[in-house]
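Keeping the supplied structure of chain P fixed, place chain Z upon it in accordance with the hints.
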Amino acid sequence: MKLLLRLMQIREASIFLFILLFVGCIGLVNPAFTSGGSLGLILKSSMILLVLAVGQSFVLITANIDVSVGSTMGLSAAVCGMMLTHGVSGSLSVAAALLIGSCIGAANGLGVSFFRIPSIIMTLGTLGIVRGYMLFYTEGKWIEDIPFYFKKLSSAAFLGIQLPVWIGIIAAVMAYLFLTRSSVGRYFYAVGDNEAGARLIGLPVKSITVLAFTFSGLSASIAACLFVMNIGFVPNQTGTGIELQVIAAAVLGGVSLSGGQGSLFGAALGAIFLEVINNSLVFLKVPAYWNNAISGFLLLLIVTGDSRFQLWLQSNGKKKQQEQENMSRSKLPKSGEGGYEDKVVL
Amino acid sequence: MKSFYRWEFFLLLIFIVEIGIFGWLSPGFLNVNNLLFSMNDFMFISIAAIPMTLVIISGGIDVSIGSIMGLCSIILGVSWSHGVNVWLAVLIAISSGLAAGLLNGLIILYSRVQPLVVTLGSMFLFSGLALVISGGSKASGYEGISGFPDTFVQLGNGSFIGIPNPLWFLIGMTAVFCTLLHFTKYGRSVYLVGINSKAAFYSGLRIKWISLSTYILSGLGGGLGGILLTSYFSSARADLGSEAVLPVITAVVLGGTSIIGGKGSIAGTVIASIVIGFMQYGLQMIGLTSEQASIVIGAMLIISVMARQSSYQKVIQWFRQSKTDSSDPTYKGEMR
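In order, the protein sequences belong to chains P and Z.
Numbering-wise, the first sequence is residues 1 to 346 according to our numbering.
Numbering-wise, the second sequence is residues 347 to 682 according to our numbering.
Here chain Z stands alone, though its shape is the one from the complex:
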């Protein structure tokens, strides 16, 4: 019964209401196939948001994630166009994502400057490097590199037993990161670093390694997102994902992760990113552009955080109180 009151449940409720309303407004919306494949549009946000949850829980932030996507995309494209096998190029792109995350983490640890400032700088650096690479190779800046082999394009567009590949990707990633964050010692220590890094240090945790590792994972998320985008558009561009930062952070925060750290869950992030994605898709079907749809998403973000901070908690408390009062007075001891 306790899970009934969780924020993730409330998000699921929003999700169902959302699907219902859009289905009512435009009947074409409820086509299951359409719904599943429309998820490909925003899957890169979910995939980048999952590791970002770890970063934010541990008390940091990584605003360079969008630039990492572009950098990995262009590295993939350039190495492929130089004759490297496409899967080897994918591997190179992933490792450059990891390297970008490592660089972020190392600078943050070495300089003791706030993560927001460091990743702000590296955001410019990575997106600049991506432009330099694409400008330095023959591929002109914004047209990108295209013509990838079909097997690679299928990664972002194909499907397996009726479920699109990116969704499989998301399911796998959710499973891995859920286990990592919620069922391992490492995951618990990420929380502790976010709640009180001094206490974590004094209890013998390697806090430096923990925060470094979250940034590396975030770089991995950026790399995977960039590869997925490249495959989905079947073209590698330096500016892919450049607008992804805000949706990614919105998804994490809407998913119940506290921006100051110490609180949050993978499930919340994933559900929130899907809620946001479908909101955009639904509003587009009604006839708004994705930028106009950002009114609704912005309002959703503010209202949800406001609700979580004040009234939602009170309503729940009131609910619990009235329930326990009427049924079983001895149950009160367990109430917070």
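Isolated chain P (complex conformation):
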């Protein structure tokens, strides 16, 4: 029991347990969910959300928010697709897309750090600008005829794992190592936890903020390339509304919106969990229009439950501390009733 409690306190572990439990339950109802390639397919399709959530976490950890990732993803996908259909080589198209995404992210970061525009407003503005510009760029048309070799990349496998999954894993691991094992990575937490304090001890707060938004933009364009690979065409609405799903995934994974807290693995697992929920309903023979209601309900349930659980832990810890203080003061043996109550609580 204690081990379980301890595990619940680590958000990554609890969300992982949730995923296993959820997959297990669905698998019991419909074995087709766990057998065959369906889990692999879900994993592959969740990579777009995963990469975006990892990028968004940088921004959230610095106590900002980036709602422009959906439109950035749309424009990057359009650029990548447009260049591919015009016969430009795959690597060059991908590089162009990544560059555009990073530039939009950096612009967001500059606005937030140097012009002191609240991040939600800055990125709301760029959301409109980039989405509108994408429609100018594509002239409102869908981009089709992506060369076959590029589409085939999505099913290219190495060690039995497909390329998109590799990209997602590598991006997440690299970002994780950067954030936790380098000194610059720790700065992100410092800035998010206490910006004024971070400035006082001489951290480059502004550069860190710009960097966080650049990573978020970069992640949006990586997701865009994955999208072009997986889907094979670029509709006008690419990425519309995904920003809210991304934030939901990160929050589900324990990244705090008030900054300074959370891990990239949590965010990545949150993204996978959301995708698993979305895809599992088919296997339960629930009509697809239940998707949003159920994922919304689960998000509320988990976030509320987690918050109450943490509050309970805090008050429990305080109670125990008080009890110990009382005991050491009076040096009386613990009453039977109190002990009994303790057991019930646990």
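No lab work stands behind these hints: they were computed from the structure.
Incorrect hints may have been included.
Unchecked claim - Distance windows between CB atoms, simulated: (1) P:L99 / Z:E589: 28 to 34 Å; (2) P:L41 / Z:S588: 23 to 29 Å; (3) Z:F506 / P:A95: 41 to 47 Å; (4) P:I161 / Z:Q630: 45 to 51 Å; (5) Z:E589 / P:L301: 24 to 30 Å; (6) P:A288 / Z:V363: 46 to 52 Å; (7) P:I170 / Z:K531: 55 to 61 Å; (8) P:S91 / Z:V363: 46 to 52 Å; (9) P:T180 / Z:S588: 53 to 59 Å; (10) Z:D496 / P:F233: 31 to 37 Å; (11) Z:T530 / P:G40: 55 to 61 Å; (12) Z:D496 / P:Q237: 32 to 38 Å.
Values in this document were obtained by computation on a predicted structure and should not be read as measured data.
Where is the CB? At the ideal position from N, CA and C, for every residue including glycine.
This is chain Z only, laid out in the frame that chain P set:
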């Protein structure tokens, strides 16, 4: 003279310049009737933005407002198609909007999770429920329920002494919420909760009730917006208003409300939403799609906030300084 420097005045100035420029670019734009009735297109945004101003002033945010619109619209449609009187159905829709807002507020208070996260979750929940209701009843998901009686359709399309009904609606709502926010004790306490909720708590305000009530009002705004949209399109759909969140928040912020709370006004929100709406209409008349027009609106949002934060204030200060310096040196004491 003080009101001369207010942000609302600057917005009015933008509005006049905007009308002038579009009138110059496309002469058909300046037709008063056209202008008035084109407002029906974006009135639901103004109406949802007014209560949202209260939410943001008190330090919260409600991103579920678009979903509430869709939910109320489909509830109205489904209950009407099941034989309920249309006005009773409107009442049911409004009360479900209030209930949605209440749910938001209660979860935020109970869980102590940030409003953005909670309303994000309820956004999925409400839009999902709307889809479930429309999918569960015979009406197929995206076609919607139509064929409403004429009296109801007139609500969003008709006019009274030359002014379209939605505009009357807006005027009434502005009056009510202006009074509520700027001239009542409740309104002042909303500001105080946004500035410093601890201070508000220690000064004996019922901060829980105040923040809860702002979410209920926001739900009401979503419900009214949804009903207006249903009447305007004379069809009830689950996805009505699904794109409304960002314009609504843009209108509130452009209207001078601080996103971290404690500052803002109803008049600013209303003027800003009209500025945005006419911008979209004007750009459409020039030949852009509404999505392409979002370039201008996005840029407007960023530049206005940037200007308000830095240069606009400095310019005003400079103005005041030069004026007071030249005319009356004793006046300086009143300067901030």
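Hint by hint, where does the structure go against what was stated? Just the numbers, ascending. Violated hints: 3, 9 and 10; rest satisfied.
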